Amino acid sequence: GAGVSQSPSNKVTEKGKDVELRCDPISGHTALYWYRQRLGQGLEFLIYFQGNSAPDKSGLPSDRFSAERTGESVSTLTIQRTQQEDSAVYLCASSFPGQTDLRYEQYFGPGTRLTVT
Amino acid sequence: GDSVTQMEGPVTLSEEAFLTINCTYTATGYPSLFWYVQYPGEGLQLLLKATKADDKGSNKGFEATYRKETTSFHLEKGSVQVSDSAVYFCALHYSNYQLIWGAGTKLIIKP
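Protein chains in written order, with the numbering used here: chain A, 1 to 117; chain B, 1 to 111.
It is possible that part of the hints are untrue.
[As the list claims (entries may be wrong)] Pairs of lysine-lysine, DSBU-like flavour, derived with a Cα cap of 35 Å:
| hint | chain 1 | residue 1 | chain 2 | residue 2 |
| --- | --- | --- | --- | --- |
| 1 | A | LYS11 | B | LYS110 |
| 2 | A | LYS17 | B | LYS106 |
| 3 | B | LYS77 | B | LYS110 |
| 4 | A | LYS11 | B | LYS60 |
| 5 | B | LYS110 | A | LYS57 |
| 6 | B | LYS110 | A | LYS15 |
Hints listed in this document are in silico derivations from the structure and should not be mistaken for laboratory results. The structure displayed is predicted, hence computed values, not measured ones.
Could you build the full structure based on these sequences and the hints that come with them?
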């Protein structure tokens, strides 16, 4: 079946521009997560959605970062006025908390590699 | 707060060697524990999991046992292959369905 998809796969942008990153979760997965992974480092949690609401935005690094989710499906992560330190791979994951034995498993997309020049 | 600590990498082994990647955790209660793997150029994928103490997760020849007494979930494989070269992440379930992640351990297998 279809997995988590993300677009674009690569994005090169100039410092100061805004970017939008898109995530399509697995159909029926109500939970959605955004992470950032800098080169050679671990995962940095950004935001979590349950349905269309975001009970935990604690990981967003600044007010330049925002995310929304509509229809309990697609999510968009927006970075305004990009800075060079925003360069990283942005990963999206989804999960289905309603099924007990799969509750905590997260399924990841391939990521969007963002390069800010 | 809850946390996960993994051994630092890179770990470099020869093909057919025995592998151990250490993972210890700090948590309240009894979290579920996971190992995820990230192959070069690919996305993260679940390798194995254990949901309660003494459970053993296994997949693709890898095993990890949930040890409550030592708060550990070490990843092991008896005979590694070049194709096992990847970055391995240990994680534990946190509240609200979130996972807390270790920093990752890069594994390099030489032929």
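Does the structure break any of the earlier hints, and which numbers would those be? 5 and 6
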